[in-house]
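A.B. asks: So the sequence lines, in the order shown, correspond to chains C and B.
With UniProt numbering, the residue at position 329 of the first sequence is 329, and numbering never jumps.
With UniProt numbering, the residue at position 126 of the second sequence is 126, and numbering never jumps.
One or more of the hints may lead you astray.
Any copy, or any two copies together, can satisfy a pair, since identical chains are not distinguished.
Listed next, the in silico SDA-like pairs over lysine to any residue satisfying Cα-Cα at most 20 Å (straight line) [to be verified]:
(1) 34 - 142
(2) 34 - 270
(3) 34 - 288
(4) 6 - 170
It is worth saying that the hints were derived from the structure and are not from the lab.
Chain residues, written in single-letter form:
Protein chains: 2
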Amino acid sequence: MVEALKIGLLGLGTVGTATAGILLSPESRHPLLKEIEIAKVGVKTLDKRRAVEFADGVLTTDLEAIVTDPDLDIVVELIGGLEPARSLILKAISHQKHVVTANKAVISRYGEEIYRAAAEAGVYVLIEAAVGGGIPIIRPLQQSLSVNRIDSILGIINGTTNFILTKMATEGSDFSEVLTEAQELGYAEADPSADVDGYDAADKITILATLAFGEQVSLEQVSCEGIRQVSAVDIQYAERLGFEIKLLAIAQREQSGLQVRVHPTLVPKEHPLANIDGVNNAILVEGDPIGQVMFYGPGAGGGATASAVVSDLMNIAAMLKVSQAVNPLLKIPQHPRRELVPIQELVTRFYARIICIDRPGVIGNLGTCFGKHKVSLESIVQIDFNNGFAEIVVVTHNVKEENFRQALAEIPHLDAIEQIQIPSVLRVLREK
Amino acid sequence: MVEALKIGLLGLGTVGTATAGILLSPESRHPLLKEIEIAKVGVKTLDKRRAVEFADGVLTTDLEAIVTDPDLDIVVELIGGLEPARSLILKAISHQKHVVTANKAVISRYGEEIYRAAAEAGVYVLIEAAVGGGIPIIRPLQQSLSVNRIDSILGIINGTTNFILTKMATEGSDFSEVLTEAQELGYAEADPSADVDGYDAADKITILATLAFGEQVSLEQVSCEGIRQVSAVDIQYAERLGFEIKLLAIAQREQSGLQVRVHPTLVPKEHPLANIDGVNNAILVEGDPIGQVMFYGPGAGGGATASAVVSDLMNIAAMLKVSQAVNPLLKIPQHPRRELVPIQELVTRFYARIICIDRPGVIGNLGTCFGKHKVSLESIVQIDFNNGFAEIVVVTHNVKEENFRQALAEIPHLDAIEQIQIPSVLRVLREK
């Protein structure tokens, strides 16, 4: 590589600006950064004040012209969203450009198509910034950890929901209050659905599962529940029982196949993920023979995400310096897409909060019903209300989800149970 | 690469056996592992029962013959200790073999010599297993994180001392009791000095600092204190003040240069490193623009360390597949060896426990003395003893170590102070 690599940046928002900031101040960073030059930057409008300055002719509103420009080596896609991001990435690939992207939505849905196109064109597509912001997780999964048989990945990979759950726990506030606060602070969007309903985490665990297990997972296969149902009282009870409630994204190898899911989960306080607070992310990887390793850090933010984007650029520069051959470390899934294990077959612990009229025999009836469905209880705690109602909190040992759901469905029909409500059913991190 | 890569393994202890175990069961691991073959294994004696079986002629007691064998591509050094490990590594390099080693003692002392020899011979020397056991830290520092300006590395990188400190905290026991227990459990050596006096952590932070800052650090430059002086009562007081005591290895960029040190440190309970318990390791890297990222996992053990060894083997296989050229990602320090910042110039917080005769004016005298030396106090707590003595616990704001030491030296000469003892002086993780 005699000349600098020329890159075209699509998007100059927070991450794009921070990416340019790193490349324009290469001192005390990896020496290869000096060999990367920002040649074009695609923006929506030219007449806006920017935090970084570029030479005349670098800024353009013509994104198509960037991805087809024969002078560019790499396209960095940072505009987000599905279209035109997907089409621009594919067009850049078909014009022999390497691609770096932070776009988890595009990769989780169209990753297979994009990687196939890249393999045909002989270019790299690197995605370190798509999951976990600045935390190095994609590359360790592909390299250092890939000599292990990966058993599971457990992640807190959505900062917004972790911020909300942390606030709810420390302040005792309810979901809707804290959501409003998070929106005012800019930690949650006006339309918070992608975060609070778990879709963003689902995108990310789809990507991690595909890499870790070498099997193409698709987003539609992922079972997904958000945090809207988690109440302040659930967090209090969990606390009393020794747990924190976290929105976990989980990919697990089961005997019958892979299981991939996102849902609020009770995590024992002594578990490494229990202490991950605020907008931080953490990903816990378990494999043989390594045991557990965890990666922790800022899951979002311009600077952190830009660190991941630029590390991908540097890695492309390094690989091109060695050879034009395709990097064998970028492993394409070895297995075709398969069915995941359905959520009914999940083996986990459960927490349920049950309210009904307080009369003798309630606990006994519940115990018998759970037993009949092979649901073994770890604890059952009754709190009596003043108004004649009892609130009963149940934590199970490992059970099959299907059995637990059948038991729950039968409870309203039990003799001693009247005016029942089951305001909360949550999964508890399973026992070993 | 048409043929499998042939490796020679030096040492078949816990890590060697686990390394062979991974290579001999490549299913569900990275496909490149199938292209690595164990051709020779060097051991002390042939007539010992082993957990893994090898074909006839693979085991040998002639280590020299392995490192000079023209049929071998890679030598994996797992015998530990300084000699003959260093000589064998250098001889392997001079015979054009790539080297993978877990030997932190050799790399921290002779890394410069070894890397220079490797650069001349055009071979790789990979050391992921030398720090943090299975935790991927060397490669992320060289790759993903290297686009950042690294400001600091804080690590709990010695499992034995962390186990001892955790036990002392949970059981209220004293150092010597817990050390005996750790020795019985096999977590501490019969001669525990390398661990409890901080030398093992010093080896490892030397390696991390050299990589992170691109500057050759040598072991003799590292200021090193172990945990023998930490008492159960210090841990209790720290607890009351909201801290955990951890043996931290710290490399920090200061305005005047680098500072590298190992010492017991009070860590605020809400800090990510405060929750790292038992034999686990964690490394917290802080840089611009990424902020803080932490890597956590098993810092020792056969399987975890073997995972790191084999990931290095796989990376060599991958790089050789691309080209015989030297990998530009393996950055050799860009700067020559420089002076580190002396410990006297350290700016940190301090904790001190002072015992003296309880008389009026003691606190005032102490406060005035600290103030005179520009030491600002965060808290000063007096506990009266029955026997006429007072125990006083002091925590400072950020101060210069030199100023604090001068104040301490003056305390015995103060008017109100009689029969003084200062049983503990510990550093507290500094304020931002």
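A.B. asks: Next step is simple, just say for each hint if it's right about the structure.
C.D. replies: These are the hints, each one checked on the structure:
Only between protomers do residue 34 and residue 142 lie at most 20 Å apart by alpha-carbon distance; the minimum there is 16 Å, versus 26 Å within a single protomer. Taking the shortest Cα distances, residue 34 and residue 270 never come within 20 Å of each other, neither inside one copy (45 Å) nor across copies (38 Å). Only between protomers do residue 34 and residue 288 lie at most 20 Å apart by alpha-carbon distance; the minimum there is 17 Å, versus 39 Å within a single protomer. In this homomeric assembly, residue 6 and residue 170 never come within 20 Å of each other (Cα to Cα): the closest approach is 48 Å inside a single copy and 56 Å across copies.
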